[in-house]
Structures are given as structure tokens and as C-alpha cells.
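Spelled out, the chains give:
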Amino acid sequence: MADGNRYKNRIELLQGTLDMLILQTLQWGPQHGYGVTQALRINSGDVFQVETGSLYPALHRLERQGWVRSDWKQTERNQRAKYYRLTTAGKKQLAAHRTRWRQMVEAITAIMQPAARAGGS
Amino acid sequence: MTLWRRLFENRERDLDEEIRSHLRMAIQDRIDRGESPQAARQSALREFGNVMLVKDVTYEQWGGLVKKPGARPGDSRNHAPSDRRRDGPDRRDAGGDQTRDGKRDGKNRGQSDDLGGRGQPGTGRAARWLGIPELWRGTGVAAVWRAVQIHLKARYPACATESCAPRSFDWRAFSWGTFSWRAWAGLPQGSARESVLLEGRSYCGDCWPGALAQRFADCPPVPAPLTRPAHRMPLGLVLLSRGWLTPGQLREGLERQRRLSGRLGESLRALGYIHEDEIAAGLAAQWACPVLLFRSAVAESHLRRVPLRLQERHRMVSVHYAEQTNVLVLAFSQGVDYALTQALAGMLECRIEPCVAPETEVRRHLAQLQDLERSSEITFERIREASERTAITESYVRCWGAHSVRVAACGTSVWARLEKAGETLDLLFEGAAPEASAA
Chain A
78 MADGNRYKNR IELLQGTLDM LILQTLQWGP QHGYGVTQAL RINSGDVFQV
128 ETGSLYPALH RLERQGWVRS DWKQTERNQR AKYYRLTTAG KKQLAAHRTR
178 WRQMVEAITA IMQPAARAGG S
Chain B
3 MTLWRRLFEN RERDLDEEIR SHLRMAIQDR IDRGESPQAA RQSALREFGN
53 VMLVKDVTYE QWGGLVKKPG ARPGDSRNHA PSDRRRDGPD RRDAGGDQTR
103 DGKRDGKNRG QSDDLGGRGQ PGTGRAARWL GIPELWRGTG VAAVWRAVQI
153 HLKARYPACA TESCAPRSFD WRAFSWGTFS WRAWAGLPQG SARESVLLEG
203 RSYCGDCWPG ALAQRFADCP PVPAPLTRPA HRMPLGLVLL SRGWLTPGQL
253 REGLERQRRL SGRLGESLRA LGYIHEDEIA AGLAAQWACP VLLFRSAVAE
303 SHLRRVPLRL QERHRMVSVH YAEQTNVLVL AFSQGVDYAL TQALAGMLEC
353 RIEPCVAPET EVRRHLAQLQ DLERSSEITF ERIREASERT AITESYVRCW
403 GAHSVRVAAC GTSVWARLEK AGETLDLLFE GAAPEASAA
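In the order they appear, the protein sequences are chains A and B. Heads up: the first sequence begins at 78 in the numbering used here, then just goes up one per residue. Heads up: the second sequence begins at 3 in the numbering used here, then just goes up one per residue.
These are computed hints drawn from the structure, not numbers from a lab. Please read all numbers here as calculations on a predicted model, not as lab measurements. Glycine included, C-beta positions come from ideal geometry on N, C-alpha and C. Hints may contain errors.
Unchecked claim - The calculated label-pair distances, taken between Cβ atoms and stated as ranges, are: (1) B:Asp58 x A:Asn120: 38 to 48 Å; (2) A:Gln156 x B:Ala272: 17 to 27 Å; (3) B:Asn52 x A:Arg162: 47 to 57 Å; (4) A:Arg146 x B:Val150: 24 to 34 Å; (5) B:Ala272 x A:Arg118: 22 to 32 Å; (6) A:Arg118 x B:Arg297: 35 to 45 Å; (7) B:Asp58 x A:Arg162: 18 to 28 Å; (8) A:Gln151 x B:Ile33: 18 to 28 Å; (9) A:Leu91 x B:Gln326: 41 to 51 Å.
What the hints assert, rightly or not - Quick list of in silico lysine-lysine cross-link-like pairs, DSS-like style, CA-CA up to 30 Å: (10) A:Lys168 x A:Lys150; (11) A:Lys168 x B:Lys57; (12) B:Lys57 x A:Lys150; (13) B:Lys57 x A:Lys169; (14) A:Lys150 x A:Lys169; (15) B:Lys422 x B:Lys57.
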């Protein structure tokens with residue numbers, strides 16, 4: 078039953094945020110595609126379930142843009158997996174994403190909770 | 003053009019391997035959490051979704067092996083040598099790994115080094131270095147070539163047999179005597195005209211009969227009589243604990259069962275001590291599954307999910323199929339055969355939910371199924387050898403024009419399901435395995 082509720086509580090990612098979330102996940106170290114999905118799921122408290130149909134195109138797009146690089150390596154279980162790691166350009170991009178995200182959160186909060194903002198100020 | 007195509011295929015192989023590794027890890031995680039390998043595989047595949055779709059949308063991101071947007075001409079050329087130096091250790095690792103896997107020979111590895119720069123499939127650095135995609139981009143030729151690729155892939159699907167996999171074309175060893183346009187185009191070596199999907203894997207016209215024979219050899223019928231496993235509570239005790247029987251009645255029922263060598267439930271019913279629904283409830287408690295009391299009629303399409311002969315033999319009936327959740331409910335009248343449910347789950351590619359139902363109801367539904375027209379079911383009696391089953395199935399595949407075959411051992415029967423354009427044909431081979439009957 079708990080599992081059922083967990084699945085029910087899952088929500089779709091906001092459009093345009095997947096790249097930022099992947100870059101954020103990779104800032105802690107190289108990770109393979111499966112690891113990225115697990116990290117996103119666990120770090121979001123089981124709220125986000127990234128579809129592989131979005132994840133792999135996003136990883137390849139980020140690689141094409143030069144924000145991540147990939148290498149085949151052995152996992153802890155001695156299996157081959159393609160690890161993605163953040164490049165210098167990717168780190169800069171992540172910083173830019175963060176700034177934009179902060180601005181967006183502030184703007185949306187201002188619209189959605191005008192009273193709270195007025196009270197706070 | 004050949005170089006471009008080969009680079010594209012390298013990236014395709016790379017993506018295939020990446021998806022495979024994702025699934026391997028997902029399956030292993032589930033097994034570690036206590037799921038059975040079969041269930042783990044199914045749930046991992048379900049969670050992953052449509053593999054072809056994932057691949058297709060990922061291809062779109064490549065844009066035809068493109069360079070970094072905004073990169074100045076010559077940037078990648080300047081970086082290429084340093085990239086190669088930096089990737090030296092990786093190349094050694096990759097070479098060792100491939101040799102260990104035994105999947106690629108030395109010649110292939112050498113070629114990949116020339117093209118990909120790391121001995122790994124699909125790095126595409128050489129292409130970026132040469133600036134080839136820039137030549138193709140915007141001319142429309144890339145789109146035409148992609149269409150040709152899709153056409154060739156559809157016409158000559160890859161063969162799952164390793165020896166039949168596309169061979170790399172080596173210009174250094176070129177001679178007109180040994181020239182193969184298929185090798186040049188990177189297509190499977192076998193005849194692709196009559197390719198068949200066997201257990202979801204594509205085999206070319208030359209390879210599928212061998213693969214089918216192997217599949218039948220791996221699926222011998224298992225004569226396993228349905229008996230109560232030692233760890234389940236005896237039915238008599240279940241009924242006694244629920245207060246539906248007195249100890250005296252149970253003793254009498256057991257005595258009658260010993261004399262007539264039937265089933266305890268039948269003896270108790272014959273003596274008039276218990277109702278059939280109570281026996282079903284007791285069996286359900288014994289097998290830890292729900293009871294089905296057939297409050298509504300069963301649709302014909304649900305009954306037809308499993309061949310009649312199998313349903314009769316296992317005293318069960320296919321009562322409901324939920325398309326949205328991909329679950330098939332099977333009602334057993336004499337206890338659940340979990341080996342059968344597992345085989346059916348693999349065959350029908352769905353989850354099986356077993357339940358227990360009163361025997362009269364199961365019989366009534368089987369009789370209803372008998373009255374229906376069943377031209378898509380053919381039963382072969384006393385087929386004991388795997389080679390016979392293979393030969394019969396092979397001839398049906400050829401004559402009927404099936405494009406997909408699945409095989410499963412269901413108790414003493416072997417079930418082969420053939421499919422073509424939405425139609426199915428079920429071949430059921432009866433007869434215990436020779437080695438099992440000898441034992």
C-alpha cells in the first residue's frame with residue numbers, strides 16, 4: 078500500500094528542468110544512466126520518476142553540447158557501464174541554470190503568494 | 003559514405019550496449035531486493051518502457067553525428083590528438099574487456115581504434131575530427147541516407163546469432179573475389195528474407211531453424227504431478243481450523259479418500275459434509291491466493307487466452323485479462339501450479355494472478371470453451387522428441403507465414419505460439435519427455 082501511495086504521489090518534471098537536474102546529479106561525480114535515475118528518484122523523495130525516454134536523449138544532448146563527457150568503465154559489480162561526467166563547460170552551465178532557477182522560484186513565489194511576500198517585507 | 007555509416011552504426015551499438023547495461027543493473031537491483039530473476043526482468047523491462055522508442059528519440063539528438071554547436075572549424079581538429087592521448091588508458095581497458103567478453107576479434111578492435119579512437123563502439127571522435135557531418139548537414143543527403151538506413155534495417159533485420167552478426171568491412175583486405183555487399187553495407191550475413199522473431203529476438207532466414215531447435219531442446223516437457231508441497235497446511239486441517247468440519251467428519255473423509263484414492267475435497271463433498279465453495283476457500287487459504295466465485299459471466303476473449311487443452315489438463319480456466327495492467331487471472335480448481343503460471347507469464351508476456359475457484363464452475367467454463375470454434379489450436383499427441391516438435395513447428399512457420407514464435411514447456415505439454423499480422427496459431431505437443439518417462 079505504501080508503494081502504491083508513493084507511485085500515486087509521483088509528479089512530472091517541470092518542462093526544461095531535466096538538464097539542470099542531470100547536471101546537478103553529476104556534480105557529485107561520474108554516474109551512469111541508471112545511477113542518474115536512481116539518484117533523482119531517491120533525492121526527490123520518490124517524487125520524480127525520470128522516464129528513460131527522456132533521460133537518454135537528454136544525456137546524449139548534454140554530451141553533444143559538451144556539458145558532459147562519457148566513458149565506459151566497470152561498475153562496482155564489475156559490469157560495463159557508460160559513465161557521464163561533468164565538463165568545465167557543464168559546471169558553468171549548471172551555475173547558470175541555478176541562477177535562472179533561483180530567479181524563477183522567486184518570481185513564481187511572488188505571484189503565487191503575494192500576501193506572504195508583503196508580510197515578509 | 004562508408005565511414006559515415008560505420009560511425010553511425012558504432013554509435014548505435016554504443017547506445018544498445020548502454021541500454022543493455024541499464025537493464026542489467028535494474029534487474030540486479032531488483033534481484034538484490036528479493037525478486038525472482040524472472041519477475042525482476044519483467045518489471046525492469048516494464049519500467050524501462052519501449053526500447054525502440056528510447057533509441058529513436060536518442061538518435062534524434064545526434065543530428066547525424068554532429069559537432070558541438072558553435073564550435074569553430076578546426077577546434078575539434080586541434081583537440082583531437084590530445085583527446086586521443088588522454089584516452090590511452092581507456093583504450094587499454096576497453097580492449098581487455100572486449101577480449102574477456104570474446105565478442106570482438108582483434109581485427110574489429112583495430113578498426114574501431116582507427117575510427118573511434120578508443121577501441122570503444124561509437125565515440126565518433128574521428129568523424130568530428132574530420133568534420134564529415136558538416137559536409138552532410140543541411141544538404142538533405144543525411145536525411146536520405148537515414149531513410150535508406152531505416153529501409154535496409156527493416157528489410158535486413160539484425161540476426162541474434164553471433165556468427166551471423168554484421169561483419170566489419172576491411173578495405174585493406176579488399177579483393178573482388180571475396181567482396182560482399184552485405185559486409186560493405188554492414189548487414190547480417192544470412193538470408194533476411196524469411197527472418198523470424200523467436201522469443202522476441204530476430205533471427206535471419208538461415209539461422210531461425212537452428213535457434214528454434216535449440217529453444218525446443220531447452221524446453222522439455224516436465225511431468226510434474228500437482229501435489230501439495232510439504233510446507234503447505236493440509237486441506238483437512240484448514241477446514242477443521244475454520245470450523246467447517248468436525249474431527250469425526252474429517253476422519254471419515256480421510257478414510258473414504260484412502261479407500262477410493264481420490265482427493266479429500268471430493269470425498270468430503272460426496273459424504274455431504276462440506277460445500278464446494280468452502281473447499282475452494284480452504285484451497286485458497288492453503289495456496290495463499292484469492293477465491294473466485296464467478297458472480298458474472300466470463301467473456302469469450304478471456305477464455306481463449308490459453309489453449310483449451312492446457313486449461314483442461316491443469317484444471318484451470320483463464321477468467322480475466324486486464325489490458326491496462328497486463329494481468330491475466332487464472333482460476334485453478336485443484337490448487338495453484340506455480341510452474342505453469344511462470345511458463346504462461348513468459349509465453350503471454352503478462353503478469354499472472356492465480357486464484358482458486360469451485361470445480362463445478364471451472365468445468366462449466368471449460369465446457370463453454372469447448373463449444374466455441376477453435377481453429378487456431380492444433381494438438382499433436384505423443385510427440386516425444388524435441389526434433390519432431392521442431393520439424394512440425396518449422397513447417398507451420400513456413401506454410402502459415404508466421405513472423406514470430408514463442409515456445410514454453412507447460413507441465414507435460416510444450417506450447418508453441420505462432421503469430422502473424424494480429425493472428426495467432428497455437429501448437430500443443432503432448433507427450434512426456436523420454437528421459438522423464440523412463441525415470
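Consistency of the hints with the structure:
Restraint check, B:Asp58 to A:Asn120: a C-beta distance of roughly 29 Å breaks the suggested window 38 to 48 Å. For the pair A:Gln156 and B:Ala272, the supplied restraint of 17 to 27 Å is violated, since their beta-carbon distance comes to about 59 Å. Checked against the given bound of 47 to 57 Å, the beta carbons of B:Asn52 and A:Arg162, roughly 28 Å apart, lie outside it. Remark: the range hint 24 to 34 Å for A:Arg146 to B:Val150 is upheld by a beta-carbon distance near 31 Å.
A C-beta distance of roughly 57 Å is found between B:Ala272 and A:Arg118, which places it outside the suggested range of 22 to 32 Å. In this structure the supplied range 35 to 45 Å holds for A:Arg118 paired with B:Arg297, their Cβ-Cβ distance being about 40 Å. Judged by the Cβ atoms, the range 18 to 28 Å given for B:Asp58 and A:Arg162 holds: they are separated by roughly 26 Å. The beta-carbon spacing between A:Gln151 and B:Ile33, approximately 19 Å, falls within the hinted interval of 18 to 28 Å.
One distance hint, 41 to 51 Å for the beta-carbon pair A:Leu91 and B:Gln326, is violated here, with the actual separation near 27 Å. At roughly 22 Å between alpha-carbon atoms, A:Lys168 and A:Lys150 fall within 30 Å of each other, so this suggested pair holds. For the hint linking A:Lys168 to B:Lys57, the alpha-carbon distance of about 27 Å falls within 30 Å, and the restraint holds. Proposed proximity of B:Lys57 and A:Lys150 is supported: the alpha carbons are some 21 Å apart, at most 30 Å.
For the suggested pair B:Lys57 and A:Lys169, the alpha carbons sit about 29 Å apart, so the restraint of at most 30 Å is met. Among the hinted pairs, A:Lys150 with A:Lys169 is consistent with the structure: their alpha-carbon atoms are about 25 Å apart, no more than 30 Å. Distance restraint check for B:Lys422 and B:Lys57: the Cα-Cα separation of roughly 25 Å lies within the 30 Å cut-off, and the hinted pair is therefore satisfied.
Hint compliance for this structure: hints 1, 2, 3, 5, 9 are broken, all remaining hints hold.
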